[in-house]
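> Below, each chain spelled out in residue letters.
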Amino acid sequence: MDRRHFVYRSSGLIAGGLLLNFTPLRLFGNVEYPDLCIVKSSDYYKATFRAVHELGGIKRFVTSGSSIGFLINSNFEELGTYPQPDIALAMLFLCWEAGAREIVILQSVSENYWRRSKNFEKHHYIIDELKQVDKNEHPAVFNESDFVVLETINDAIHLKNIEIIRKVSEVDVFISIPILKHHTTSILTGALKNMMGLCTRKTNVTFHLGSGVRNDPGYLGQCIADLNLVRKPDLVVADAVEFITGNGPDGPGPLKKLDLVVAGTDPVAIDAFGAKCLDMEPDDIITIKRAYQLGIGEMDLSKLKISEIQV
Amino acid sequence: MRAAFSIMIFLIILLTQIVAGQEIEKLIPTLSDLEGWKMTAEPKVYIGDNLFDLIDGGADLYLEYGFDRVVTVHYADPALNNIQIEIYEMIDAPSAYGIFSITQQAVEWSKQYGNLSAVKEEYISFWKNKYYVILSWSSRQHLDEPLLAKLANMIAQKIAEKGTYPDLLLGFQVLDPGRKVIFLKGNLALSNFYYFDYRDIFMLREALACNLEGHNRIIVKYPDQSKALEALAGSKQSITSNRRFTDVTMAFQGFSCKDNKGNLILIRQIENYLAILVALDNSISLIPYMDDVTQKIENITGNR
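Going down the list, the sequences are from chains X and P. Okay, so the first sequence: first residue is 211 according to the numbering used here, each after it adds one. Okay, so the second sequence: first residue is 808 according to the numbering used here, each after it adds one.
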């Protein structure tokens, strides 16, 4: 590490690290962290720091020497179709500061994506050291070293024989970074649907066509819910900053800007909030209903402890 | 004899597909059109359900409209500028208009390229005949707008026939590009315009949708009046049991309700059509607009 990086890391440690990694409230024991933390800010990097802090700090999730898997829904071009790279960079920085042994990008992220952030250069030293499952690039094709076949998934209704990234079951901590946006078939794509980024194209096509009926959102929703039984993310940090409300997932579509970063451990709750962002009810989104029915999380926002902050 | 007949049919189908595939590839600009550029890979053709290999999500919508095949090609110049071209061949011209209209509803339309086009800074899309074309530019250096425009014109000129607009659209005589009228061919498309339900509660096969004067207007056509009545009854039942909608009330030849934003929705069956109006503002009165739609439909069906 050169001096410039050291200085940056040190200042980062002071500005975001020490404060964020250590939550005084924890000293008193039995602290109830919020289920969701929603931070409004035009600085998405700082908003991410603050959101994680409110959830108990990064050390609640990442211990020194642990391996981290990141799933970032980055593979889109239009504004409002991919999570702001500042959110992902802030999370990488926090994990790095927490002493992560390795950080694995579970679905390929291009350098162009990172370059969209003004913070790209000062995080170069982290990006350079990321491990990336390069073969998990659209349209991902099965290979034995990167993927594993799961013949059955406990409690799944439809899904079986899926080809999924091996590493997702191997990493100590799994962090999902979706954007909450419109999707043509599932209406909302967020934390739950982001999991499809772990599967091969062959598997994902069965979500769309496997029922034998074309354009079957009910079947797609159930498959997505089933997939979330494989491994629940330890932490979800979602972009509700600026997102498309139509013509998803690729856009271009009408944009809505809320400047919100949403963090939590429950992907159903995150998506339930995402439904609200799209002016819908969680009930409207079949994926949320199916995931709730499988016990993956809570879709009733009134039952959740939600922390809302403006920075 | 039977085997020989089967083989002959198979060969005819195969030949048809090969010819069609060659046709779509002929629409791609050649390297002589792009001096100094090279193709980064051979053009790829995706047919039918293989579209999922090209589009990461969203392929369902193309399939709903009647997708046949797409050819995609990437070009790069020494300065690492990139151009991507996708030429979608739909089953017919109305389907091409439909997919253009639904996917480009957020962008202004003009007649600059093909029959109608949508142009953004690094992006041109247009439809002509049964083709829906997208050209996009990604660059580390600069955007060469004249080059992208030249390529768009080149492709448009290679498509000899203009193709026809959907009959439903022609019937309502709404061909002003300033008024973006979307042609829907199923519930996914409807959900992309205004979301009612993930289930096909209107049994929608063809419809027009547009936004004007503070309300969304959706006109669904059915083969006959009994189907329209069936869709009216089915949709009323679904909406009544959907917590997103409230105040479901009988109205003249239909019903009204409110959505979760408190916006009024008015649905009326007129001959073999359903007219669905959604107010986007609480101050809007939908009745005069519904009467206007009713009159237009009755003029078309000859009931007046």
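Honestly, the hints are just simulated from the structure, not real lab data. Ideal Cβ positions, reconstructed from N, Cα and C, are used throughout, including at glycine. Misleading hints may appear alongside valid ones.
What the hints assert, rightly or not - Part of the chain P face toward chain X, derived, beta carbon under 8 Å:
{"no.": "1", "residue": "F859"}
{"no.": "2", "residue": "L870"}
{"no.": "3", "residue": "D875"}
{"no.": "4", "residue": "T879"}
{"no.": "5", "residue": "V880"}
{"no.": "6", "residue": "T910"}
{"no.": "7", "residue": "E915"}
{"no.": "8", "residue": "N999"}
{"no.": "9", "residue": "E1037"}
{"no.": "10", "residue": "A1040"}
{"no.": "11", "residue": "I1046"}
To be verified - Residues on chain X that point at chain P, a partial pick, calculated with CB under 8 Å:
{"no.": "12", "residue": "A366"}
{"no.": "13", "residue": "G420"}
{"no.": "14", "residue": "E491"}
{"no.": "15", "residue": "D510"}
> Decide, hint by hint, whether the structure agrees.
Taking the hints in turn, this is what the structure says about them:
no.	hint	verdict
1	F859	holds (5 Å)
2	L870	holds (6 Å)
3	D875	violated (15 Å)
4	T879	violated (12 Å)
5	V880	violated (17 Å)
6	T910	holds (6 Å)
7	E915	violated (11 Å)
8	N999	holds (6 Å)
9	E1037	violated (20 Å)
10	A1040	violated (21 Å)
11	I1046	violated (12 Å)
12	A366	violated (20 Å)
13	G420	violated (11 Å)
14	E491	holds (5 Å)
15	D510	violated (12 Å)
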